[in-house]
Amino acid sequence: MTRRVVVTGLGVVAPNANGVRDFELALRKGRSGIRTNEKMIESGFGSHVAGVPEGIDELAESYFSADLLLAMNSGHRCAAIAGVDAWTDAGFARPDPDADEVDWDTGAVLGTGIGGMDTIAKSVVPLTDAGRVRRLGSVAVEQVMSSGVSARLSGILALGNQVTTNSSACSTGSEAIAMGLERIRCGLAKRMLCGGAEGVSHYIWAGFDAMRVLCRRFNDAPERASRPMSATAAGFVPSAGAGILMLESLESAQDRGTRILAEVAGSAINCGGQRGGGSMTAPNSDGVRRCIKAALADARVAPEEVGAINGHLTATSADPREVDSWAAALECSPSALPPITSTKSMIGHALGAAGGIESVACVLMLQGGFVHPSINCEDVHPEIEPYAASIPHAALQTPDLRVVVKAGFGFGDVNTCLVFRKWSE
Amino acid sequence: MEKTEIFDRVVEILTPYVKNQEALNGVSLTTHILDDLKVNSARLVDVVLEFEDAFNLEIDDDDVDTVETVGNAVELIQAKIGQ
Chain A
1 MTRRVVVTGL GVVAPNANGV RDFELALRKG RSGIRTNEKM IESGFGSHVA
51 GVPEGIDELA ESYFSADLLL AMNSGHRCAA IAGVDAWTDA GFARPDPDAD
101 EVDWDTGAVL GTGIGGMDTI AKSVVPLTDA GRVRRLGSVA VEQVMSSGVS
151 ARLSGILALG NQVTTNSSAC STGSEAIAMG LERIRCGLAK RMLCGGAEGV
201 SHYIWAGFDA MRVLCRRFND APERASRPMS ATAAGFVPSA GAGILMLESL
251 ESAQDRGTRI LAEVAGSAIN CGGQRGGGSM TAPNSDGVRR CIKAALADAR
301 VAPEEVGAIN GHLTATSADP REVDSWAAAL ECSPSALPPI TSTKSMIGHA
351 LGAAGGIESV ACVLMLQGGF VHPSINCEDV HPEIEPYAAS IPHAALQTPD
401 LRVVVKAGFG FGDVNTCLVF RKWSE
Chain B
426 MEKTEIFDRV VEILTPYVKN QEALNGVSLT THILDDLKVN SARLVDVVLE
476 FEDAFNLEID DDDVDTVETV GNAVELIQAK IGQ
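Chains A and B supply the protein sequences, listed in that same order.
For the first sequence, the residue numbers in our numbering are 1 to 425.
For the second sequence, the residue numbers in our numbering are 426 to 508.
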């Protein structure tokens with residue numbers, strides 16, 4: 001028998017709100033967190049807009065000791081705040097940093113797409129090139145190692161099960177959840193903190209701007225710049241933050257008598273092999289469809305049971321093909337597609353954190369019985385027009401919402417699909 | 426520079442790295458930086474860089490190895506300032 005896995009805690013740091021309650025309000029209202037970014041202007045970017053979570057440093061100072069803060073770059077700060085929030089939301093107290101107890105039953109798969117680029121750019125490269133390696137001090141390695149985000153969280157929470165960082169570009173956060181699900185199902189852990197984090201840094205975003213995949217046409221109207229599924233979509237808006245879920249075996253959650261927020265009913269991870277239209281930067285649609293179908297099969301959920309779709313939907317030219325793939329995978333006509341929404345329309349594309357933050361949104365929608373709006377696509381893309389009735393421009397009240405499917409796709413033609421179900425025995 | 430002035434500045438620099446904040450209340454020249462203040466040994470590298478900036482001097486790696494107590498740090502800095 002496969003162990004059932006549930007979500008017992010959530011933590012989020014996002015451009016449009018920090019903390020689960022404020023994030024839910026922002027989602028319901030369709031609040032954009034996209035703002036003008038001075039660093040991008042100064043550095044000659046074509047795009048001048050980004051999604052930066054507000055007040056991270058002040059929040060971090062209220063959460064962590066001076067000693068810890070000295071070694072935390074912005075990705076670490078987002079990860080640690082969201083991780084601690086998910087931990088306490090699941091009913092646990094923060095452990096005494098001086099105590100020796102370790103929680104051997106809880107681990108973490110906490111991913112990042114790019115890692116400590118801000119530390120590399122601001123200290124490692126300039127100090128090394130200047131022959132001043134010694135000035136790097138002790139904190140450079142832990143900030144630039146890919147596993148820095150998960151290592152940081154495990155130290156704060158004394159996690160003793162597997163603690164690792166996955167990286168699969170923009171599919172990272174979703175993939176982390178699928179990996180944690182698998183570990184708990186296998187009986188190797190009772191609980192896994194899973195999701196993704198990405199730091200705030202124009203150095204992370206620069207290469208995307210050079211590729212001309214960032215939105216440049218709405219520099220004067222930041223809140224309108226992230227436009228998934230729109231006829232005037234002009235590229236994605238880069239952003240940052242963290243979204244972390246406490247996944248827990250149903251048995252453990254029931255033994256603790258803790259509140260259950262949703263069930264992670266199934267998942268699938270695959271790669272399109274960079275064939276059949278797929279490439280380093282574009283998905284093979286066959287791979288996407290197989291991934292969605294495999295996740296539904298894993299969850300034993302029939303296509304007609306899907307109540308809402310939280311797409312990858314970044315506001316690039318890939319959106320129309322993604323929407324077609326959803327309909328194909330769910331074997332439905334365009335007019336029968338369930339409500340489809342893009343969290344990125346409000347928060348931009350948080351890269352390695354995207355799947356984590358957007359999965360938090362999925363759980364909140366199941367709990368609250370709503371589908372958040374997909375903003376900035378009143379002018380639906382002509383190729384998406386047949387699906388127009390399925391795109392909510394304001395929050396939908398859906399008290400009977402039972403299944404939300406989330407997908408994340410990444411450079412390298414990698415895909416993850418997650419199936420979240422409203423909790424019931 | 427007076428020894429007490431160096432001591433105060435050394436303690437100020439150590440403060441954010443101290444895990445046992447209670448031990449700071451009774452800090453003296455004989456307070457052990459790792460054992461009493463519970464500073465993470467890896468962070469001594471950063472503490473030394475801050476000493477160098479604060480007192481405008483250079484401390485080589487061999488000298489760093491002689492520092493165990495707050496007093497050792499104060500004496501080392503005082504000697505370097507005098508050179």
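A couple of the hints might just be wrong.
Quick list of in silico lysine to aspartate or glutamate cross-link-like pairs, EDC-like style, CA-CA up to 20 Å [what the hints assert, rightly or not]:
(1) A/122 / B/478
(2) B/444 / B/471
(3) A/122 / B/483
Footprint (simulated), chain A over chain B, 3 or more residues, beta carbon under 8 Å [said to hold, decoys possible]:
(4) 430-440
(5) 453-459
Derived by calculation from the structure, the hints in this document are not laboratory data.
Beta carbons are placed, not taken as given, at the ideal position from N, Cα and C, and that holds for glycine.
Now for the hints, and whether the structure bears them out:
A threshold of 20 Å between alpha carbons decides the hint, and for residue 122 of chain A with residue 478 of chain B the separation of about 19 Å falls inside it, so the pair holds. Restraint check: the Cα-Cα separation between residue 444 of chain B and residue 471 of chain B comes to about 15 Å, which is no more than 20 Å; the hinted pair holds. For the hint linking residue 122 of chain A to residue 483 of chain B, the alpha-carbon distance of about 23 Å lies beyond 20 Å, and the restraint is violated. With 1 residues carrying a beta carbon less than 8 Å from a beta carbon of chain A, the region 430-440 of chain B misses the three-residue requirement, and the given coverage is violated.
For a cut-off of 8 Å, the count of residues in the region 453-459 of chain B with a CB near a CB of chain A stands at 0, and the three-residue condition is violated.
Hint compliance for this structure: hints 3, 4 and 5 are not met, and every other hint is.
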